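Going line by line, the protein sequences match chains W and C. Mapping of the first sequence onto my numbering: residues 5 to 526, in sequence order. Mapping of the second sequence onto my numbering: residues 745 to 928, in sequence order.
Everything labelled a hint here was simulated from the structure, so no lab data went into it. The structure presented is a predicted model; accordingly, all values stated were derived computationally and were not measured. Incorrect hints may appear among the rest.
Capping the alpha-carbon separation at 27 Å, the derived lysine-lysine pairs in DSSO-like fashion look like this [claimed, not checked]: (1) W:Lys69 <-> C:Lys897; (2) C:Lys897 <-> W:Lys161; (3) C:Lys807 <-> W:Lys516.
Using C-beta positions, here's what the derived DEER-type ranges look like [unchecked claim]: (4) W:Asn159 <-> C:Thr865: 32 to 42 Å; (5) W:Asn38 <-> C:Asn883: 36 to 46 Å; (6) W:Ser46 <-> C:Pro852: 30 to 40 Å; (7) C:Asn855 <-> W:Ala138: 42 to 52 Å; (8) W:Lys141 <-> C:Thr782: 29 to 39 Å.
No residue lacks a Cβ here, since even glycine has one placed at the ideal position from N, Cα and C.
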Amino acid sequence: MRSRPQRRDDGGSALIIVIIVSMIVGSIVAVSLNTGRQADWSSASDRNHEGSLGVAEAGVQQEIKRIQEQTGSAYVPTFAALDGSTSQGTYHVETTRCPPDAADPSFTSHQSWCVGMAVTKGYVMDSTATAGVAVLKRTRHIRVSLVLPTLFPANTKYALFSSSSINLSNNDSVNGLADIYANGTVTIGPGVHLTGSVTSALGAIDSGASNTQIDGNAWSGGFNTNGTWAMDLTTVLGWAKASVPNPVNMQTCDGQLASNYAVVLGVGKGVAKGVTTWGTLSGASPRAIDHINTCTAAAPQIVPCPPANPNDPCMPTFTYNKNNYNPPPVEIGSATVFNTKYGKYATTHPTTGTFVVYDANPSPTNPIDLSGWSMSGDLTVITNTPIYSSGITDTAVPPGVNPTLVLVSHYAPTAADGTCDTNSPNGCAIYIKNGLNLIQTCATASLFYADNGPIAIKNTNGGNPGTLCGSVVSGGLPGGQGISVDNSRPIYYDTRVSSIVGFGDDGPETYKVGRWEELPAS
Amino acid sequence: MKRFLRSEEGFTLIELMVASLLSTIIIFSALSLLDNTTKAERGAQARYDVAISLRQSIMQTTKLVRQATAVNTTSTQTLLDIQTFVAGSPARVVYDVSGTDFRWTLCPSANFAFTQPCGGTASVIATRVSPPQVFCYINAVGGCDSSPPTASKSVRVTLSATPDVQAGSGSITLSSDVELRNVH
Chain W
5 MRSRPQRRDD
15 GGSALIIVII
25 VSMIVGSIVA
35 VSLNTGRQAD
45 WSSASDRNHE
55 GSLGVAEAGV
65 QQEIKRIQEQ
75 TGSAYVPTFA
85 ALDGSTSQGT
95 YHVETTRCPP
105 DAADPSFTSH
115 QSWCVGMAVT
125 KGYVMDSTAT
135 AGVAVLKRTR
145 HIRVSLVLPT
155 LFPANTKYAL
165 FSSSSINLSN
175 NDSVNGLADI
185 YANGTVTIGP
195 GVHLTGSVTS
205 ALGAIDSGAS
215 NTQIDGNAWS
225 GGFNTNGTWA
235 MDLTTVLGWA
245 KASVPNPVNM
255 QTCDGQLASN
265 YAVVLGVGKG
275 VAKGVTTWGT
285 LSGASPRAID
295 HINTCTAAAP
305 QIVPCPPANP
315 NDPCMPTFTY
325 NKNNYNPPPV
335 EIGSATVFNT
345 KYGKYATTHP
355 TTGTFVVYDA
365 NPSPTNPIDL
375 SGWSMSGDLT
385 VITNTPIYSS
395 GITDTAVPPG
405 VNPTLVLVSH
415 YAPTAADGTC
425 DTNSPNGCAI
435 YIKNGLNLIQ
445 TCATASLFYA
455 DNGPIAIKNT
465 NGGNPGTLCG
475 SVVSGGLPGG
485 QGISVDNSRP
495 IYYDTRVSSI
505 VGFGDDGPET
515 YKVGRWEELP
525 AS
Chain C
745 MKRFLRSEEG
755 FTLIELMVAS
765 LLSTIIIFSA
775 LSLLDNTTKA
785 ERGAQARYDV
795 AISLRQSIMQ
805 TTKLVRQATA
815 VNTTSTQTLL
825 DIQTFVAGSP
835 ARVVYDVSGT
845 DFRWTLCPSA
855 NFAFTQPCGG
865 TASVIATRVS
875 PPQVFCYINA
885 VGGCDSSPPT
895 ASKSVRVTLS
905 ATPDVQAGSG
915 SITLSSDVEL
925 RNVH
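Here chain W stands alone, though its shape is the one from the complex (with noise of 0.2 Å):
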């Protein structure tokens, strides 16, 4: 009986020890569970809120997708949200299309992403996304703009671009911030002007008819066909520079002659801010500016897109989807039945629209007849056989109506067809003459696009200029003719031209993401 008391009070002591104990661990237990619980929640947040952007943007590129196969750049008044789910999420995409109505009631936030994207030209979509349950519910909201790819690569501007020659003839202006650019030979006629630079990167520069003027400056590549020159100038307000292609001994300049790199200048005229040559400069003594046999590489040349060097220059590519018009495009498989069809109606009836025409035998006996066409809008011819036009016109066109003018000939010309120039239409892809009587306001926005072969532009249409607002884009024959104007016609490069749907500089894309922005998740 004496045990038992004992037990009970070493009882009691044990009871205290162990609830003090007891507390001890379990605090011990708490703080280190609450340790892990934090850093597993944070963690865990952190953890969805990446995996939300990778959900936001999946959601984004499900809509791209879903507009290139459906709609292309179609008018799409009223565009269904999307919603769908990645294995880490879920997202809801809303696209509104550029410009947006005034009564769509994304117009406020959206309006200031549409800027430069004309009507059905452009969407813009709200991607938000959401991944994790809970309160470890992490949610993102990006915005992408969905642009045209532009015409040339890195935003240049070039009024005449021919991976072969250029000519220009007789009184011929080019104006605007915009330049030429050639691989083969540039030949500037008598009173031709010229706003912006010239270069031919694999060619000669021959400007040496009498007042021709270069507002920017003259870079060449190559050299006469007799080897004597470079570049013959008569007026440049810029810099001349007579390079090779690809030098590796710049001492040297691999060997390369440097009589076929001289300068020739005009009598009394001259380059006002320097000539850089690998040969002499002769009509002219060197200046303490001038820099003669020194040796410089020339431009890098024309390459299809996309170039390996995002800002070199490229030829354009064009990819007909029809989905890309609307109304859509008138499709025929002759060239001949296009022509009577349409040939003698559309010069009597205003017509706009897109035509496309595959013929089976394109040959220059068998071309697209646009003469006489008179234009009440948008116009776009679409064919495998060269484009002939002995004048187009859009007095037809209603007041504040901008159409754009896009001729497209893949036209690939052979040795049987004979030469392209001015006055030989037969071995061109596009060959308008006598007139391009468009708007000398430049209400119209001209592109002319042969990737095959040359294009001649002839003769103005009596006392009207004919001024072509645009740009002209010729892949001309290797070494041979590119792109010909002859005849006082002015031609002002027109951004307009720098997004038409089906071209683009990066491949054969329909839209590329223009702009990418997160915003606050509401």
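Got chain W; can you put chain C on it based on the hints?
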């Protein structure tokens, strides 16, 4: 009552001393363990706070870098000068390291062009940052250069910070490769 009184006689002095000694040892051991745990928890909390700070800094930085439209080619490993969007408007932002402070500066709109000095007032967004080499620029072959190429498309942001001395040795490093979505 008799038994109760009798029970008070149950422990000898030695028994009490041994019991007290054992109790003291147990309690001191437990308290010591609690103290160590508390210190460790404090250290862990400090590291956690630093990690949170770094995470917030890197998130803020990567958000603006991700939507940058251009990177100034004069940027270095300790200074990143970008044109980006802040609250929907084009803005120029400079991140740099001063001492052990990681800072950001919103340049006045008049100084948007890279040719202008940034101006503006720097704000600290992370402290105890070391080393100061926070940025590098991912090149075409996957390496990371100390200065940006002409058209930098990816920037690596690496923030390292050491908690206070009591938190124990070792720094915390967070790194993020950011693809510039608006540089095409």
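We went through each hint and held it up to the structure:
Simply put, Lys69 (chain W) and Lys897 (chain C) have alpha-carbon atoms about 24 Å apart, close enough for the 27 Å limit, and the pair holds. Restraint check for Lys897 (chain C) and Lys161 (chain W): satisfied, since their Cα atoms lie roughly 24 Å apart, inside the 27 Å limit. A distance of roughly 21 Å separates the Cα atoms of Lys807 (chain C) and Lys516 (chain W); the hinted pair therefore holds under the 27 Å criterion. For the hinted restraint 32 to 42 Å between Asn159 (chain W) and Thr865 (chain C), the CB-CB distance of approximately 34 Å keeps it satisfied.
At about 45 Å, the beta-carbon gap between Asn38 (chain W) and Asn883 (chain C) stays in the expected band of 36 to 46 Å. At about 36 Å, the CB distance of Ser46 (chain W) to Pro852 (chain C) agrees with the hint of 30 to 40 Å. For Asn855 (chain C) paired with Ala138 (chain W), a C-beta distance near 45 Å keeps the hint of 42 to 52 Å intact. In this structure the hint that Lys141 (chain W) and Thr782 (chain C) lie 29 to 39 Å apart at CB holds, the actual value being about 33 Å.
No hint from the list above goes unmet by this structure.
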